[in-house]
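Participant: So the chains spell out like this:
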Amino acid sequence: MFDVQFFLSLLPTMLRYLGTTLWISVAALAIALLIALGMAMAVELRIPVLHQISVAWKSLFRGTPLLAQLFWLCYGLPQIIPPLKSVSVMTLLIFGIGFNASAYMAESLRGAIFSVGKGQMEACLSSGMTTLQGMGRIVLPQAVRVAVPALANNFVDIIKQSSLAFTLGIKEIMAVAKMEGASAYKFLEAFTAVMLFYWLTITVFNKLQAILENQLNKKV
Amino acid sequence: MRWGVAMVSIRNLCKSYGTLQVVNHLSLEIGTGEVVTVIGPSGTGKSTLLRCINYLETPSAGSITVDDLCVDAAGAKKKDIHRLRKETSMVFQNYNLFNNKTALENIMEPMVVAQRVPKAEARKRALEILEMVRLSDKRDAYPSRLSGGQQQRVSIGRAMATTPKIILLDEPTSSLDPELVGEVLEVIGILARRKVSMLIATHEMEFARRIADRVVFMENGSIVEEGAPEELFEHAQNERTRAFLGRYYEQPDRAIKPDNTIWRTQWQENYFAQ
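Residue numbers (my numbering), protein chains in the order written: chain D, 1 to 220; chain S, 1001 to 1274.
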């Protein structure tokens, strides 16, 4: 049956590797947000070339599975770009998850910018601001407020997707569960523990999100 | 002519969407401190005309001159369009206040960002403007906490903050509840008395007549007739002008005669009494 003793003994080890999971997630989030913002601007302001690249980028990363993307990035790409061989798998993984999430986040941002309405930008332009000033000071701050729930969803996806790291040989909480479970032949306990960790992490994050949304909604 | 040198002059302005000609070879001059109201049926190109002057719509042809700055639709440079927008400002039908800024910040924003006025100075001026539009007590309120009339008064304040050469008002009272119209008209009246040049598209006939130095009747993208308010309203030469104005004479609640103006609010009474 369920070996509570074994289950409990796994928790400290997992807690240690939770750091790896969080590091992958937060680093990927930062990369994704930066790229997504750039792409949303490129599309919104119809910047030539960048606009087309964004469209292709989104199509590529939303149209293929993340696992295939990660393998392509970590094992495929280094064969034609040798310098990538000296880059750690961890770094490639973070960029891989970040690239993938950027495609989704760009869509979240685009929807939010659209929801702000073109009257706001017209008011900016007609009072003598440049498009960039209007974006930065008026449109984006409002869009971000609208985008927070969608972006938070994207971030939850990132946390869960970080579990794919174990397929690339990186030890984080999913890998711990798999190894410990296999060595003691107690899979139920091990995978219950890992699910509990993900669930608690995401629950805590959702609480933070609610607080952030509250703060943002005060300023309207 | 009453107004010396023309400050804003529009020549042969055209705007079309595909085959639909919305503004059709329109020319108009507005002098320093002159208030011109544009009246005419809906969908006749009044808004488009105003939006073209601000380059929110790109004209298909024609030129717009404000003082020494001339922007021609053929080969308008980005720099010139930006300058033109700094010299003009717009009051929108739907207010379009910056939703993430308070009333005070809304008025400060164009000064601080577009004109690089130091913050303290911008704040001082913005407070004066709020006083003028009688919203000092609402200075820290976000637009979502203001009534339509209050929002429009802030937006007029925002438009004048940068001391533009001309303010374009695009049906400033059309989306307001009737009881809020008066307070907005009064603020526009204050600007007129301060000799701010304005071009106003409006459906408020009584207001169009009283505030204007000149009234322009527009139909199908062209100016049909223009003249002093008395002339145009009492002795319109053109048949279409008379037909259009006739409809307004017949509506009792829109009547031009002051004693019939049951729709007026106290605000308007104050304004029209002056």
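Since the hints were made in silico from the structure, they are not lab data.
Among the clues, some could well be false.
[Stated by the list, open to error] Derived CB-CB ranges, DEER-like:
1) D/I47 to S/S1042: 48 to 54 Å
2) D/K118 to S/G1018: 58 to 64 Å
3) S/G1075 to D/L45: 20 to 26 Å
4) D/L66 to S/E1131: 56 to 62 Å
5) D/I47 to S/Q1021: 52 to 58 Å
Note that the structure is a prediction, hence the values are computed from the model and not measured.
For glycine and all other residues, C-beta sits at the position ideal for the given N, C-alpha and C.
Participant: Work down the list of hints and note, for each, if the structure agrees.
Facilitator: How the hints compare with the structure:
Restraint check, D/I47 to S/S1042: a C-beta distance of roughly 37 Å breaks the suggested window 48 to 54 Å. At about 20 Å, the CB distance of D/K118 to S/G1018 disagrees with the hint of 58 to 64 Å. At about 22 Å, the beta-carbon gap between S/G1075 and D/L45 stays in the expected band of 20 to 26 Å. For D/L66 paired with S/E1131, a C-beta distance near 58 Å keeps the hint of 56 to 62 Å intact.
A beta carbon spacing of about 32 Å between D/I47 and S/Q1021 contradicts the range 52 to 58 Å that was offered as a hint.
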